[in-house]
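Since chain L is already given, all that's left is putting chain Z on it; use the hints.
As they're listed, the protein sequences go chains L and Z. The opening residue of the first sequence carries number 1 in my numbering; numbering runs sequentially from there. The opening residue of the second sequence carries number 1 in my numbering; numbering runs sequentially from there.
Hints should not be assumed to be uniformly reliable.
Given that identical chains are not distinguished, each listed pair holds provided it fits within a single copy or across any two copies.
Each computed EDC-like pair below joins lysine to aspartate or glutamate, with the alpha-carbon atoms no more than 16 Å apart [claimed, not checked]:
(1) LYS20 - ASP276
(2) LYS63 - GLU185
(3) LYS126 - GLU210
(4) LYS126 - ASP245
FYI, nobody ran anything at the bench for these hints, they're computed from the structure. This structure is a prediction, so every number in the text was calculated from the model and none was measured.
There are 2 protein chains.
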Amino acid sequence: MRDFSQDHRWLSINTATVRKSRGVDLPLPEIIEACVRRGIRAISPWRDQVAAAGLPAISKLVKSHGLGLSGYCRGGMFPAADAAGLKAAREDNRRAVDEARELDAACLVLVVGGLPGALAGRAAHKNIALARDQVTDGIAELLDYARTVRMPLAIEPLHPMYAADRACINTLEQALDVCDRLDPERSGALGVAVDVYHVWWDPKLHAQIERAGKDRLLAFHVCDWLTPTADLLNDRGMMGDGVIDIPRIRGWVEAQGFAGYSEVEIFSAANWWQRDHGEVLDTCIQRHRSAV
Amino acid sequence: MRDFSQDHRWLSINTATVRKSRGVDLPLPEIIEACVRRGIRAISPWRDQVAAAGLPAISKLVKSHGLGLSGYCRGGMFPAADAAGLKAAREDNRRAVDEARELDAACLVLVVGGLPGALAGRAAHKNIALARDQVTDGIAELLDYARTVRMPLAIEPLHPMYAADRACINTLEQALDVCDRLDPERSGALGVAVDVYHVWWDPKLHAQIERAGKDRLLAFHVCDWLTPTADLLNDRGMMGDGVIDIPRIRGWVEAQGFAGYSEVEIFSAANWWQRDHGEVLDTCIQRHRSAV
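Only chain L is shown next, with the shape it has when bound in the complex (with noise of 0.2 Å):
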């Protein structure tokens, strides 16, 4: 297991930890320039960040920093109620793939999507096998879209408490099943984005990280989970603040051969969204060393 205390070395910033300075939005250019005058070598931006300063900007900018994306955040949103909200879904699905590639991200991280109108709390019905069939269907289209362009997906399992506005895949087992189905052959292009607040309470996640092995390790995202949380979405909290042992799971994923950036990916609408963006990162690097 690499020591973490003594650099940030494989410390990647979720741009979405710094969303906010202050309670102000932040732009994207002014959090890739924070992050590079702390040494931080990567970074995993979402999707509307870059596309609010634009895609050809955000991309030079990140290769004359000569930074690292650990991910970029993200595809999925597969289910919808018609034919029509499936083809858009497909499409911005590939517009997705082609950013990633074009930032040349380490993966995409896709967020598969749960009942169809449920995020706006009208949920088109309840079928939950139906839109885990669907996020299987998109998730075997875009591969095959990904493949030509060399750009890895990883299915990100997410909580449980998730899965009706979110993601219909929720445990790494479910996440690994699919992997497994479309990408037998484990070539790398299809692997799992590991988070440990999603994973965290699984009593199967040790074998299911050992199941899926370097080649499907794609991600390794960290933040804790706070007691009590207060807020299902908005309330991650900084690594060390929680309950989660990051230690023994990140030893677990690396006793795999995972070498990649330990990606702090924390939503705090409460807290450190309404600090400095400033201490907020140095916060992120000093905690990188103490609790990861």
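This is chain Z only, laid out in the frame that chain L set:
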């Protein structure tokens, strides 16, 4: 599958559902009277509500009305940070078995506990595997006692969002693994409580219900998953108001031979607890017919 549309003979009310009426604590004797007036044949009371009214008084009241108990809430909370804590949990659980016996409950429901101290926001450690071992040991010991008084124990897997602070048994598969280990002969002394709120998201739900079989299916609880869910604990929705396909899951459970009550268990601080309990009970009856 039984037809629930014509009557509510298989409705049971978990008394947490009407813990408050118009925002004010409602004593258990009043809850019981309100249920009996509506022809509700069973309840599942909470220990604190029983204690407040006195066990002998509740026992007498229940028996005089011929009211059934679909379960007794609850034993569990096995993990502790030290030997004194483990001993206290052991003794308290024996008392819970005795109370359940006195009330002639169908089973004692076990909410097994999580990381010691986490419920108070100060987890003593981050070793969830240790907590799970303590849970298995605690159930094993309690089972020996419960067998002597013929009180079945029902392990309730709780939603993974409660893994840290309320229950570190989080899937039906995990609960059944414990059952297989401690009661391999499927004696009926140990089984599970299937609460749709906790398990609806699980891609292995159907298969694990089949694995459980009639011997292990000791209780069936219903409410609904709301989108959005505003609070991790106290935002359980009324059946029909959310995204859970309750009849589908009930069909799976009944296909195994389960023929007991559907127990309505709603914690709803912002909604149902603010209404008059009569209105809440009438709504439970109506939704039991239309949405369960």
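request  = Give the relationship of LYS126 and GLU210 under a CA distance limit of 16 Å: within one copy only, between copies only, both, or neither.
outcome  = neither (33 Å within a copy, 21 Å between copies)
query = 16 Å Cα cut-off: does LYS126 pair with ASP245 within a copy, between copies, both or neither?
reply = between (35 Å within a copy, 6 Å between copies)
Homomeric proximity label, LYS20 with ASP276: Cα distance no greater than 16 Å = within (8 Å within a copy, 43 Å between copies)
query = Between the shortest in-copy and the shortest cross-copy C-alpha distance, which are at most 16 Å for LYS63 and GLU185: within, between, both, or neither?
reply = neither (33 Å within a copy, 64 Å between copies)
Checked against the numbered hints listed earlier, the structure breaks hints 2 and 3; every other hint is satisfied.
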